[in-house]
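Engineer: The chain contents come next:
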Amino acid sequence: MNETFQLDGASVPFEPGQTVMQAALAAGHYIPHLCYHPEFKPHGSCKLCTVKINGRTMASCTMPAEADLNVESDIEELNALRRSLVQMLFAEGNHFCPSCEKSGNCMLQALGYDLEVHATGFRHLYPDRPLDATHPDILLDFNRCILCELCVRASSEVDGKNVFALAGRGITKHLIVNAESGLLKDTSMALTDKAMQVCPVGVILPKRVGFSVPIGERRYDQRPISEQALDDAPRQPVRGDGCAACEE
Amino acid sequence: MSKKLRVATTSLAGCFGCHMSFLDIDERLLALLDLVEFDRSPITDIKHCGPCDIGIVEGGVCNAENVHVLHEFRKNCKILIAIGACAINGGLPAQRNHLDLGSCLTEVYLTEPGLAHGHIPNDPELPLPLDKVHPLHEVVKIDYFIPGCPPSADAIWKFLTDLIAGKTPELGHDLIKYD
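Chains A and B, in that order, give the protein sequences.
Quick note: the first sequence uses our numbering, first residue 1, plus one each step.
Quick note: the second sequence uses our numbering, first residue 1001, plus one each step.
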C-alpha cells in the first residue's frame, strides 16, 4: 500500500484493484453514496458518489484507484448536483417520511439531512405503485423504491434465490418479484435473507416491528450518515472483481 | 429595531400541527413579539392578509380556497415560507394523489357500507376539491422551506431568528427532520 491519490487535498493510499470509493472509505474519507454497498460489486447507478477526477466527473464507486489521481468530492459544485439527485429521487417516488417505518433509518432521508435538502423543489410525480403484503413476515412498499438494485444483487448473489428483478425501462422501470403470481408469498424469501438487510429506503420491511424503536431514536437521528458510513469501515472484501456497470 | 416585522401565518391542507409546534416555542414567543407583530393568523383572527414582511404557510393546496389564500399570501408577503411536510410535498393529504378524486368521493360518500341515502357534499359554501393535492411551490414561488412533521419548536425558532437577524437560515443535523 504505497501508492496514493489525492482526495480533496488529502493523500489516500490504495491497494491494487480498489476503487476510489473503497480506498477513500478505508482511509476515513466519506463520499456520499446510495447504491454502493461494501459487500457487493459496484453498481454505479445512483450517481450520488460522483466526483471530479482530473477535471472530469466520474462515479467514484466504479472508478479504479490509480496513482496520482486528483479527486475532488466535497465541493459545492458536486454537492449541489447531489442535492438535485436526492430531490429528484424524492419527487419520483412516494416518499412520505412521517408515515414511513424506515424513517430515521433511511439512507435517502439521511443524505437529504446531510446535504441540507429542505425541500424537493421539483414537481412530484405521485406514481401509482402497489403494496405487497402477501408474505406472512415481510411487507413490500414499492412506493419508496429508488432502483438501487441492492435487493436484486443480495438475493441472487448471497441468498441464491433470485427473488427480485428490475423490469421496464426509463421512467417505467420498476422492481418486480420473480414469481409467476408476482407476489412475495410465492417466493422462498425469508426474514433471515441478506436481501432483507440491504434496502437503503423503506421498501422491504419486516412485519410487526415497525415502531419498536421510536422515531427520534433511530440510526440517523443520532448522528449524520457521513460519520456513520465511516464507522462501518474497515470495508469488507468486494464480491467478484469487476464492476457491474462496466460489464453490462 | 425601529419597526417591527409584520408576520402572517395560515394553515391550508394541514392539521395545524405546525402552528401548535410554533406555539411550543413557549416563552420565546414574548421575545419574538419584541421583534414582530402578527397580521392574518389564528393568533389574531384577522381574516385577510395585508402587506407583510414574512408569510408562513402550513399545509398543501387541496381545494380552490387554498389557492386563493396562497395567492393572497404571495401577493402580500415579501418572504414566503412553506412550513412542514404537507406544505413541502403534500404530506398526508397528498396520499390520495395516485387515486381518482371521483372514485374517492364515491367510495367515501356513496358506496361504503352504512351510507344509506349518502350524497357527495355539494353545498356552494364548500370549496371545490382539486383533483390532486399540490405542494405550495407548485402553485407560487416559495422562498424558504422548514421541513418536519411538524418541525420542532427549536427548528422554527432557529429558522425565524436567523431570518430576522438577516442571516441565511440553517438548521443543521439536529434540527432538520422530515418526520
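Accuracy of the hints is not assured; some may be wrong.
[Unchecked claim] Computed beta-carbon distance windows for the label pairs: (1) A/174 - B/1033: 34 to 44 Å; (2) A/10 - B/1154: 15 to 25 Å; (3) A/230 - B/1114: 53 to 63 Å; (4) A/130 - B/1112: 19 to 29 Å; (5) A/132 - B/1105: 48 to 58 Å; (6) B/1101 - A/122: 19 to 29 Å; (7) A/47 - B/1114: 46 to 56 Å.
[Claimed, not checked] Chain B is nowhere near these chain A residues, computed Cβ spacing over 10 Å in every case: (8) 58; (9) 98; (10) 182; (11) 209.
Since the hints were made in silico from the structure, they are not lab data.
Since this is a predicted model, take the numbers as computed values, not measurements.
All C-beta atoms in this analysis are idealised placements derived from N, C-alpha and C, irrespective of residue type, glycine included.
Engineer: Cβ-Cβ distance between residue 1101 of chain B and residue 122 of chain A: within 19 to 29 Å?
Structural biologist: Since residue 1101 of chain B and residue 122 of chain A have Cβ atoms about 23 Å apart, the given range 19 to 29 Å holds.
Engineer: For the hint 53 to 63 Å, verify it against the beta carbon of residue 230 of chain A and that of residue 1114 of chain B.
Structural biologist: At roughly 57 Å between Cβ atoms, residue 1114 of chain B and residue 230 of chain A fall inside 53 to 63 Å, so the hint holds.
Engineer: Can the suggested window of 48 to 58 Å be confirmed for the beta-carbon pair residue 132 of chain A and residue 1105 of chain B?
Structural biologist: violated (28 Å)
Engineer: Please verify that the nearest CB of chain B lies beyond 10 Å from residue 209 of chain A's CB.
Structural biologist: Residue 209 of chain A clear of chain B: closest Cβ-Cβ about 17 Å, beyond 10 Å.
Engineer: Does the Cβ distance between residue 130 of chain A and residue 1112 of chain B fall inside 19 to 29 Å?
Structural biologist: Since residue 130 of chain A and residue 1112 of chain B have Cβ atoms about 22 Å apart, the given range 19 to 29 Å holds.
Engineer: Quick one: work out the minimum CB distance from residue 98 of chain A to chain B and report holds if it exceeds 10 Å, violated otherwise.
Structural biologist: violated (4 Å)
Engineer: Evaluate the given range 46 to 56 Å for the C-beta pair formed by residue 47 of chain A and residue 1114 of chain B.
Structural biologist: Hint holds: Cβ distance 51 Å, inside 46 to 56 Å.
Engineer: Given the hint of 34 to 44 Å, check if residue 174 of chain A and residue 1033 of chain B actually sit that far apart at their C-beta atoms.
Structural biologist: About 52 Å separates the Cβ atoms of residue 174 of chain A and residue 1033 of chain B, which means 34 to 44 Å is violated.
Engineer: According to the definition I'm using, a residue is off the interface if its beta carbon is farther than 10 Å from all beta carbons of the partner; does residue 58 of chain A meet that for chain B?
Structural biologist: Its Cβ never comes within 10 Å of chain B, the nearest being 28 Å, so this holds.
Engineer: Does residue 182 of chain A really sit off the interface, with its C-beta more than 10 Å from all C-beta atoms of chain B?
Structural biologist: holds (19 Å)
Engineer: Evaluate the given range 15 to 25 Å for the C-beta pair formed by residue 10 of chain A and residue 1154 of chain B.
Structural biologist: With Cβ atoms ~35 Å apart, the hint is violated.
Taken one by one, the earlier hints fail for this structure at numbers 1, 2, 5, 9, listed in ascending order.
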